[in-house]
Amino acid sequence: MPDEIFYKVSFVVMGGDHPGAIMTVEKRPQIGDEITFNGSVFAVTEVMELMPPVGNFGFLHATCEHVRAAQRNEGEL
Amino acid sequence: MSISINLLKGVQLFANLTDEELASLAEICTARQASPQELIIQQNTTGTSMFIVATGSVEVFIRGLENARSLVVLGRGQVIGEMALIDQGYRSASVKATAEGAMLYLIERDEFYELCEQNHHIGFIVMRNLAIDIAFKLRHRNLAEL
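One line per chain: the protein sequences are A and B, in this order.
For our numbering, count along the first sequence from 1 and bump the result up by 1339.
For our numbering, count along the second sequence from 1 and bump the result up by 78.
Just chain A, with the same shape it has in the complex (with noise of 0.2 Å):
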């Protein structure tokens, strides 16, 4: 069976002054998706790819809005 494929993602957030985030997600994000980290939900806006692959592992820049601050239920990726 062939190896799972990781995306490593640099999700970088628009407008205020939140640094951003590095994370390794199973699924390739989407235009629209919803992501929490650090206490608060981001909408997807935009996704690249940033370096060519290797092996399994993708790598992608996604730039992301602030939607809301993330609720209990919310877990991180």
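Derived by calculation from the structure, the hints in this document are not laboratory data.
These numbers were taken from a predicted model, which means no experiment stands behind them.
Any given hint could be a false lead.
[To be verified] Here are some chain A residues pointing at chain B (derived, C-beta under 7 Å):
no., residue
1, Phe1345
2, Ser1349
3, Gly1359
4, Ala1360
5, Asn1377
6, Leu1389
7, Gly1394
8, Phe1396
9, Phe1398
[Claimed, not checked] Beta-carbon label-pair distances, calculated as ranges:
no., chain 1, residue 1, chain 2, residue 2, range
10, A, Asn1395, B, Leu221, 22 to 28 Å
11, A, Gly1355, B, Glu195, 43 to 49 Å
12, A, Gly1394, B, Leu221, 20 to 26 Å
Note that the Cβ used here is the ideal one computed from N, Cα and C, for glycine as well.
Assemble the complex: chain A is given as a structure, and chain B must be docked to it using the hints.
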């Protein structure tokens, strides 16, 4: 609590290692739970270990003379303190767990070097992946500061 090979497969630092090599790495990983906001790495101190973020997230920040600046939040599958494996210098930044805390696995430099002496393929692959990880973080920082 030992780290699973499946979890190590989701760590880019260990991409392209065989299951047997991942099992060898798992043997030198030690679990450590970081409480919410717990300081994990202190800037300008020496350290001999690196950490893998298994669950939760951590915040990397640097402290100047007057204030502190957040650099990035690192989540599942990311590594922190990895420069201690290379340059043996002072920690370049501080790292604390975010409000949710983080489950970490620690690898000591001496144990890692010993493993690499026994299996040069592990050493080559991890050092190559480490260079990719540092390049990725640099690209992230460039984009975040636009």
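Right, here's what the structure says about each hint:
1. Look at Phe1345 of chain A: its Cβ gets to within about 6 Å of chain B, closer than 7 Å, so that hint holds up.
2. A cut of 7 Å between beta carbons decides the hint on Ser1349 of chain A: the least distance to chain B is about 4 Å, and the hint holds.
3. Look at Gly1359 of chain A: its Cβ gets to within about 5 Å of chain B, closer than 7 Å, so that hint holds up.
4. Here the hint on Ala1360 of chain A is kept, as its CB sits about 4 Å from the closest CB of chain B, short of 7 Å.
5. Given hint, Asn1377 of chain A at the interface with chain B, holds; its Cβ is 5 Å from that chain's nearest Cβ, closer than 7 Å.
6. Interface restraint check: Leu1389 of chain A against chain B, minimum CB-CB distance 6 Å, threshold 7 Å, status holds.
7. At about 4 Å, the closest approach between the beta carbon of Gly1394 of chain A and any beta carbon in chain B falls short of 7 Å, and the interface hint on this residue holds.
8. For Phe1396 of chain A, the interface hint holds, since its Cβ comes within 7 Å of a Cβ in chain B; the closest pair sits about 5 Å apart.
9. With a least beta-carbon distance of about 6 Å to chain B, the hint placing Phe1398 of chain A at the interface is held under the 7 Å criterion.
10. Distance hint for Asn1395 of chain A and Leu221 of chain B: a CB-CB separation of about 24 Å, consistent with the stated range 22 to 28 Å.
11. Our hint of 43 to 49 Å for Gly1355 of chain A and Glu195 of chain B holds, since their Cβ atoms are close to 47 Å apart.
12. At about 23 Å, the CB distance of Gly1394 of chain A to Leu221 of chain B agrees with the hint of 20 to 26 Å.
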